[in-house]
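Take a look at the letters that make up each chain.
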Amino acid sequence: SAVISQKPSRDICQRGTSLTIQCQVDSQVTMMFWYRQQPGQSLTLIATANQGSEATYESGFVIDKFPISRPNLTFSTLTVSNMSPEDSSIYLCSAGLRREGPLSYNEQFFGPGTRLTVL
Amino acid sequence: DAKTTQPPSMDCAEGRAANLPCNHSTISGNEYVYWYRQIHSQGPQYIIHGLKNNETNEMASLIITEDRKSSTLILPHATLRDTAVYYCIVRVGGPSGTGKLIFGQGTTLQVKP
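Chain order of the listed sequences is P and H. Mapping to the working numbering: the first sequence position 116 is 137, numbers consecutive. Mapping to the working numbering: the second sequence position 112 is 128, numbers consecutive.
Warning: the hint list may mix true and false statements.
Simulated restraints on C-beta separations [said to hold, decoys possible]:
| # | chain 1 | residue 1 | chain 2 | residue 2 | range |
| --- | --- | --- | --- | --- | --- |
| 1 | H | 69 | P | 38 | 47 to 55 Å |
| 2 | H | 26 | P | 133 | 23 to 31 Å |
| 3 | H | 75 | P | 45 | 39 to 47 Å |
| 4 | P | 29 | H | 79 | 37 to 45 Å |
| 5 | P | 75 | H | 35 | 41 to 49 Å |
These are calculated hints, taken from the structure and not from any lab test. For clarity, every value in this text was computed on a predicted model and none was experimentally measured. Glycine included, every Cβ here is placed at the ideal spot set by N, Cα and C.
Between the sequences and the hints, there should be enough to build the whole structure, so can you do that?
And the structure:
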């Protein structure tokens with residue numbers, strides 16, 4: 022399995038500022054992802070963090086608002102830029118590990134999340 | 017990735033089997049069925065996945081219909097710790113899969129004493 026840690030675990034920020042969330046995996050992984058979970062809602066995929074190239078963003082999410090870095094196979098950051106109260110959410114990092122076998126698949130492990138409140 | 021439909025909520029008595037249904041009528045031949053769950057205030061956790069055969073592991077069993085248009089996750093002896101939101105996800109697996117998961121609204125399972 023993969024153990025994922027995130028920093029900070031929670032933060033309260035002022036409107037207009039930016040926050041960078043760090044995600045550390047205890048082993049090298051090929052895929053890393055960032056999700057957002059708004060209060061009472063399901064998870065929404067923001068982007069796939071690609072090592073050595075730009076992140077791949079899902080519809081509705083743009084690099085200017087959510088810049089992502091992936092400098093190596095164990096680490097990624099997500100920045101929430103120019104924040105507004107609508108950005109108040111839990112932000113989760115996940116990593117995919119390849120599992121070989123009769124049904125090869127990519128198992129995803131999730132971090133504990135970063136709870137962000139924007140005032 | 018194919019869309020899935022799940023009931024929004026279910027109850028189950030502790031010690032009984034919990035059967036969680038999922039419809040995925042538009043599933044294509046190279047798409048797998050995955051189940052994850054999210055216990056309150058935690059990140060989602062992988063449970064099980066399958067392609068067309070029934071699968072069982074230490075956590076649960078997955079029953080996929082012959083036409084693959086629906087599936088059922090079975091928790092054989094539900095405990096209070098199984099109270100969570102359960103997500104059924106269909107996506108391309110294998111080497112050609114992107115690896116990303118698209119979550120629907122899931123089923124909130126409440127296990128009651």
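Checklist line | Hints violated by the structure (listed by number, smallest first) | finding: The structure conflicts with hint 3 only, although it agrees with all the remaining ones.
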